[in-house]
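Could you put the whole structure together from the sequences, leaning on the hints where they help?
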Amino acid sequence: MKQKVSIRTIISATLLAIALWTYNSLRSEYEVISDFPLEIITHENTSIENTIPSSVSLKIKGTGWQLVNVLYVNPNAKSIVDLSKRTSFQPIDTIISADIKQGFRAPQGVQVVDVLPKEIVTRIGSITQKKVPLIPRVSLAMHEGFIQIGQPMLQTDSVVLQGNAALLNTISAWYTEPLRKQQVKENVSLQLKVSDSLSNILTVTPATVGYNVQVDRMAEITVYDIPVQIIGAPQQSVHTILPQIISVVVRGGINQIAELTPQDFIAIADYNQLRKDTTGIIKPIITAPENIRILQVIPDVLQHRTIHL
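Every letter in the sequence shown is one number past the one before it in our numbering, and letter 99, counting from 1, is 99.
In case anyone wonders, no lab produced these hints; they're calculated from the structure.
With a cut-off of at most 25 Å between alpha-carbon atoms, the simulated PhoX-like pairs for lysine-lysine come out as follows: (1) Lys-59 with Lys-101; (2) Lys-193 with Lys-181; (3) Lys-193 with Lys-131; (4) Lys-78 with Lys-59; (5) Lys-101 with Lys-61; (6) Lys-78 with Lys-118; (7) Lys-78 with Lys-101; (8) Lys-130 with Lys-193; (9) Lys-85 with Lys-101; (10) Lys-193 with Lys-78; (11) Lys-118 with Lys-59; (12) Lys-78 with Lys-61; (13) Lys-61 with Lys-118; (14) Lys-101 with Lys-118; (15) Lys-118 with Lys-85.
Quick caveat, the model's predicted, so the values are computed rather than measured.
Take a look at the structure:
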């Protein structure tokens, strides 16, 4: 009589076999190619002025366990090339593959077999500082029925770059890392990362910056009885406009909209424009409070008349 083998026994045996195979496989040696950060140290008060790669492609060798550790478990390996230890300062210095191999910092047992690129030419000059405007790269998509109030507020509107003078002369502004937020319906308060795209040759301060945006529910309202003033007219003016009171349809945040009055708006007709007018029709100039958008002026034109004294 055949003895039945349970499903649980089969699964356990299969898992054990896979574990034993994985264990034995990871004890073998392998070669893999991967990119690792490149850090270059220069002499005091000097910096690299040309653009160089921020990483290098290395073929490394080690046991499966060692490679898993350096690539996934503790991925902090990098190559550090210290040019300040050269016997003499060279304004143009070439980093060769032997420098990169020697400077590779990784868990013990991992070896560098090959390097790409084979050499990196660096131009080195004096170090200096420069303050440039900081431009945020933030895209906010409002939730339906909500609106951004005013302009974003940055904790600081500039950054200090430290690096080679020749390189800094080519930079007029700096940026934050791109960030996108969808369906925004409340105030936004973020810490933006400042771009480190040239981190191997430039130092940027600060590394992060506060970013705030006010958001409110959107509303529209009609504001009535706004008086129109003629500006620049002498006391005995022969020009008049009709009507002398207008209305505006506006859009903004519900909290600000709720407090609007006619006195918050300025409606004017320029006397110099009236003197030159030959059509009898004038467009009023309307100034609204900050963060309020005018959608419609009622009426959108005024009748201009000349009074014969």
